[in-house]
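Each chain, letter by letter, is given below.
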Amino acid sequence: MECQECNENVATLHFAKVINGEKTEIHVCEKCAKEKGYVNNEEEAYSLHDLLSGLFNFDSASYPNQAAMDTYRKEQLKCEKCGMTYQDFTRIGKFGCASCYDTFSKHLNPIFRRVHSGNTKHDGKVPKRTSSALYQKKKVDQLKEKLKAHIEKEEFEEAAMVRDKIKAIEKSHNQEGEGE
Amino acid sequence: MGLEQFIQEAISPWMKDEGPDSDIVMSSRIRLARNLEKIPFPLVAEEEKLKEVIDEVEKDFNEQSFEQYQDFELIKMESLKALEKRILVEKHLISPHLADKTKQGAVLISNSEQVSIMVNEEDHFRVQLYLPGFQLEKALEEAFKIDDWLEEKIDFAFDEEQGYLTTCPTNVGTGMRASVMMHLPALAITRKINRMIPAINQLGLVVRGLYGEGSEAIGNIFQISNQVTLGRSEDDIIDDLKSVVHKLIEQERYARELLLQESEIELENRIFRSYGVLRYSRLIESKETAQCLSDVQLGIDLGMIKDISKSILNELMVLTQPAFLQQYAKKTLHPQERDVFRASLIRERLKLED
Ligand SMILES: [Zn+2]
Ligand SMILES: [Zn+2]
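Top to bottom, those sequences are chains A and B. Quick note on UniProt numbering: the first sequence kicks off at 1 and runs consecutively. Quick note on UniProt numbering: the second sequence kicks off at 1 and runs consecutively.
Hints listed in this document are in silico derivations from the structure and should not be mistaken for laboratory results. Bear in mind the structure is a predicted one, so any value in this text is a computation, not a measurement. Glycine residues also receive a C-beta, built at the ideal position from the N, C-alpha and C atoms. A portion of the hints provided could be inaccurate.
Here chain B is said to cover these stretches of chain A; the calculated rule only asks that three of the stretch's residues, wherever they fall, bring their Cβ under 8 angstroms from a Cβ of chain B [stated by the list, open to error]:
1. 77-86
2. 120-126
Some chain B residues well away from chain A (every beta-carbon gap over 12 angstroms; in silico) [to be verified]:
3. Gly19
4. Asn35
5. Glu48
6. Met196
7. Ala323
Make the full structure from the sequences, and use the hints.
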């Protein structure tokens with residue numbers, strides 16, 4: 001397939017972009033992808049190797065196109081609440097707010113595993129309030145909103161994760177209810 | 001102000017109590033990192049937002065008491081002079097980061113100085129609780145109570161998967177750093193500690209020299225703390241730490257016995273020379289001070305030096321730091337002036353024991 005920008009090189013990057021709710025397929029060569037801003041220049045794209053570099057695994061390095069695409073996707077991630085991008089996060093190694101954890105969730109487990117001896121799931125103290133019925137309801141409502149948003153954007157993988165979370169909360173809540 | 005009164009005010013009240021195994025474990029500390037859900041973390045939040053955090057703390061917790069922790073006082077960094085901030089740092093009540101690098105930084109301190117809650121440090125809240133000697137479980141129990149007390153008024157950022165959400169990925173989960181400060185002179189003199197550190201690291205625990213740069217331990221004081229905060233419960237983390245500390249205590253006691261058996265006169269010589277230096281020098285640097293204090297403390301623990309209060313190391317390690325010296329002198333001191341002043345403060349302090 002030819003690159004749709006220069007019509008010369010072979011298109012090596014293929015991805016979908018949603019513009020005004022319309023899904024458009026994009027096929028470009030690596031050169032154009034950089035020039036036209038589909039992905040950032042090499043230096044920026046691999047800025048992951050900066051401060052926290054040891055934490056980020058480029059296991060897909062043997063598939064450069066795939067890696068570039070993943071990088072591109074990751075870098076588009078931006079926390080709506082605090083404005084931090086995934087790129088900022090990898091550069092400074094710190095989160096900007098609680099919502100960053102959700103926004104970057106798909107990419108965090110490898111980092112957590114490295115830092116915390118292979119662990120990714122919390123074990124230990126839970127805020128007392130978290131177990132209250134009111135808190136649970138609030139949390140489930142928030143998650144349902146999120147689920148809707150993911151489905152609308154056709155982000156089914158994320159949607160499934162959120163749905164599992166809702167199920168888990170409802171299940172634990174029901175169990176508590178039965179005990180009463 | 002007389003020296004006795006100065007010391008009285010300079011040393012945190014909780015440090016004056018003797019805890020379990022306090023000949024080796026100087027103190028136990030639990031630190032919990034917590035954040036608000038609704039406001040970005042201090043690193044990126046606008047100053048106005050951070051001011052809201054302070055205002056809420058002021059409204060809900062300033063001048064409050066909770067169980068044995070009385071009269072919490074909120075101290076804003078902007079209201080302190082540089083020297084006053086350094087003193088809080090030297091007492092370990094705040095971090096250098098809070099003192100120098102934060103917008104809208106503050107600390108809430110109980111009157112016993114056993115609990116200090118830093119506000120708008122790297123995280124919105126950093127709860128620290130200290131106990132003398134080796135009392136990690138008790139410290140955790142108390143820190144949890146303080147955490148629950150805060151939680152009555154504050155919604156902390158928490159996720160079922162990742163636990164307490166923190167600014168740095170290295171703190172996420174429990175947000176807990178448990179640590180003990182240990183005086184390990186015999187393991188240091190015999191260099192056994194160097195062989196033990198890698199093994200301790202393998203258990204996910206970190207050993208660092210408390211006052212030195214990197215792993216160098218000035219005054220043979222080491223801090224042992226947990227690295228992992230995610231996927232292990234606070235109790236499990238404390239259990240690991242406890243078992244390592246027990247081992248270190250056992251090894252330190254054994255090394256002391258061995259030193260006594262094999263080279264008592266050399267050890268005695270070293271201890272009394274150091275005692276002489278502290279008693280009579282007219283100029284002394286902080287590093288030499290720490291080394292001599294460590295020797296004298298060992299002498300006290302081994303019964304070679306009698307009639308000197310057991311808390312001398314704890315006390316003078318704090319008092320001979322630059323900010324305290326300058327507060328006592330009531331003026332800014334150049335490094336050499338500090339060494340003169342330090343020597344004189346130590347001499348006067350030891351005279352109080354006569
Ligand atoms: Zn092209
Ligand atoms: Zn964010």
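Against the structure, the hints:
1. 77-86: holds (count 4)
2. 120-126: holds (count 7)
3. Gly19: holds, 24 angstroms
4. Asn35: Its Cβ does come within 12 angstroms of chain A, the nearest being 6 angstroms, so this is violated.
5. Glu48: holds, 14 angstroms
6. Met196: Per Cβ check, Met196/B is outside 12 angstroms of chain A; nearest 20 angstroms; holds.
7. Ala323: holds, 29 angstroms
Figure legend: structure checked against the earlier numbered hints; the only hint not met is number 4.
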